[in-house]
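Sequence order for the protein chains is A and B. Heads up, the first sequence is in our numbering, so the first residue is 9 and it goes up one at a time. Heads up, the second sequence is in our numbering, so the first residue is 9 and it goes up one at a time.
One thing to keep in mind: the hints can contain errors.
Each pair may be met inside one copy or between any two copies, as identical chains are not told apart.
Claimed, not checked - Lysine-lysine pairs mimicking DSSO-like chemistry, simulated, CA-CA at most 30 Å apart:
(1) K47 to K114
(2) K89 to K213
(3) K220 to K68
(4) K70 to K213
(5) K213 to K114
(6) K149 to K213
(7) K213 to K187
(8) K192 to K149
(9) K58 to K16
(10) K47 to K213
(11) K192 to K16
(12) K114 to K220
(13) K48 to K89
(14) K70 to K220
(15) K89 to K220
(16) K213 to K16
(17) K58 to K149
(18) K58 to K187
(19) K192 to K47
(20) K58 to K47
(21) K187 to K16
(22) K16 to K114
(23) K220 to K58
Don't read these hints as lab results, they were simulated from the structure.
There are 2 protein chains.
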Amino acid sequence: MERLSVSKATLGRLPIYLGMLRELPPDEYSNISATTISKKLSLGEVQVRKDLAAVSGAGKPKLGYVTQELIEKLEEALGIKSLTEAVLVGAGRLGRALLEYDEFRKYGVMISAAFDCNEQVISLNGKTEILPMNRFEAYCKAHSIRLGIITVGEGSAQVVCDLMVQAGIAAIWNFAPCKLEVPKGIMLQNENLALSLAHLNNQLKNQDQEEKNGRKGV
Amino acid sequence: MERLSVSKATLGRLPIYLGMLRELPPDEYSNISATTISKKLSLGEVQVRKDLAAVSGAGKPKLGYVTQELIEKLEEALGIKSLTEAVLVGAGRLGRALLEYDEFRKYGVMISAAFDCNEQVISLNGKTEILPMNRFEAYCKAHSIRLGIITVGEGSAQVVCDLMVQAGIAAIWNFAPCKLEVPKGIMLQNENLALSLAHLNNQLKNQDQEEKNGRKGV
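With the hints as extra help, turn the sequences into a complete structure.
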């Protein structure tokens, strides 16, 4: 089966379509048009058509989409029926906040285990198991883990990153505020939360400045 | 003073330039060229020139930048000398993880207070004060707060958002996984952590698929 390449913006809207379609009374909506979907969600029709085309091709003229088929295509694109298992290293406050975050499953990923070297943290586990680091590599290999999340501090992030690569992980989501080195072919995505807030702050300052200039101009 | 508009990508690199420049021995580097900066940081020279031009104009031929002046321009662009105060509502695990996150200050923002309606959380405060919600509006007005962070659950996010707008907040960073309604002129930035992970997972699946197809082709 060929995988379709879906942009991040489209991907972000797929759970919205899916949630709405699942709640429709099935006897009233065996079919649904892109126009109806766009009205129900207050989204632009061009955008809706483009998003749905990326996962399911175009709807049929007059009939639109077969609702049940569209639901299945959306579930498939999101990987909901076959969740990808991820592991997390660093079960401090941020790590545990991510473990508690229920949204990942809606997007096809579950964090199946977390690891830490702190004994106190390990005994604190909630619904996801927190395991000691010496079990990391064996766990990843036994579960064929390809996706890893780094939530340790700056000081140990590179060591954890290297362990992940050695354990067969191919894509790393890094929250530590530092630059990590990965071998060619390993995907690295840095999450810089401070930068997101700084960017918002910058936009706010620019807006304030424009307003000030505007007032001066009057 | 005119504010320069700095892209998010450039903004993300400014602390890297600043950190490097601050560690230079001042007697050796009263001036520094973009070429030297790019070599020291393993960044492309074109990118370095563009980034620095956005905060400080072009360097002088042969001389480059006056190091101390460039440091000051970077600090100014990042707002480090006059930190913007932000407030956070929802001091659960994610909220407290953000309160502990030291990186915000490097980007010109400090979370000066957090609010929650849970008495137990309020008594747990660490270095940032956690206050009861009934003090929210007065605090924001007294401190002229313009920047708010929502880390409550989906169920109370809109209520908190409305309270923020009422208290004079003009830019909101929302972590709750839901669509919020804000009046015109209020900036809203949604942080969808699940989507970042899903996007990485999707890229990984695409890469696996390409490799599979490649092997078939041989």
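So, going through the hints one by one against the coordinates:
For the homomeric pair K47 and K114, the shortest alpha-carbon distance inside one copy (23 Å) is at most 30 Å, but the shortest distance between copies (43 Å) is not. Proximity of K89 and K213 under a CA criterion of 30 Å is satisfied inter-copy only: 15 Å between copies versus 44 Å inside one chain copy. Taking CA atoms no more than 30 Å apart as the test, K220 paired with K68 passes in neither setting, with 52 Å inside one copy and 32 Å between copies. Taking the shortest Cα distances, K70 and K213 never come within 30 Å of each other, neither inside one copy (49 Å) nor across copies (35 Å).
Taking identical chains as interchangeable, the C-alpha atoms of K213 and K114 lie at most 30 Å apart only when they sit on different chains, with a minimum of 17 Å there against 35 Å within one chain. Taking the shortest Cα distances, K149 and K213 sit within 30 Å of each other only across copies (18 Å), while inside one copy they are farther apart (49 Å). For the identical chains of this complex, K213 and K187 are neighbours both inside a copy (28 Å) and across copies (24 Å), given an alpha-carbon limit of 30 Å. When the C-alpha separation of K192 and K149 is checked against a cutoff of 30 Å, the pair qualifies only within one copy, where the shortest distance is 20 Å, while the shortest distance between copies is 51 Å.
Proximity of K58 to K16 under the C-alpha cut-off of 30 Å is found in both arrangements, the shortest distances being 13 Å within a copy and 27 Å between copies. Proximity of K47 and K213 under a CA criterion of 30 Å is satisfied in neither setting, with 35 Å inside one chain copy and 32 Å between copies. Proximity of K192 to K16 under the C-alpha cut-off of 30 Å is found in both arrangements, the shortest distances being 23 Å within a copy and 26 Å between copies. Proximity of K114 to K220 under the C-alpha cut-off of 30 Å is restricted to the inter-copy arrangement: shortest distance 27 Å between copies versus 43 Å within a copy.
In this homomeric assembly, K48 and K89 come within 30 Å of each other (Cα to Cα) only inside a single copy, at 26 Å, whereas the closest approach across copies is 47 Å. Taking the shortest Cα distances, K70 and K220 never come within 30 Å of each other, neither inside one copy (52 Å) nor across copies (38 Å). For the identical chains of this complex, K89 and K220 are inter-copy neighbours only, at 21 Å across copies versus 53 Å inside a copy, given an alpha-carbon limit of 30 Å. Taking the shortest Cα distances, K213 and K16 sit within 30 Å of each other both inside one copy (28 Å) and across copies (14 Å).
Taking the shortest Cα distances, K58 and K149 never come within 30 Å of each other, neither inside one copy (39 Å) nor across copies (44 Å). For the identical chains of this complex, K58 and K187 are inter-copy neighbours only, at 21 Å across copies versus 36 Å inside a copy, given an alpha-carbon limit of 30 Å. In this assembly of identical chains, the alpha carbons of K192 and K47 lie at most 30 Å apart only when taken from different copies (21 Å versus 45 Å within one copy). With identical chains, the CA atoms of K58 and K47 are at most 30 Å apart within one copy only, with a shortest distance of 15 Å there and 43 Å across copies.
For the identical chains of this complex, K187 and K16 are neighbours both inside a copy (23 Å) and across copies (17 Å), given an alpha-carbon limit of 30 Å. For the identical chains of this complex, K16 and K114 are neighbours both inside a copy (15 Å) and across copies (28 Å), given an alpha-carbon limit of 30 Å. In this assembly of identical chains, the alpha carbons of K220 and K58 lie at most 30 Å apart only when taken from different copies (28 Å versus 40 Å within one copy).
Hints 3, 4, 10, 14 and 17 from the earlier list are contradicted by this structure; the remaining hints agree with it.
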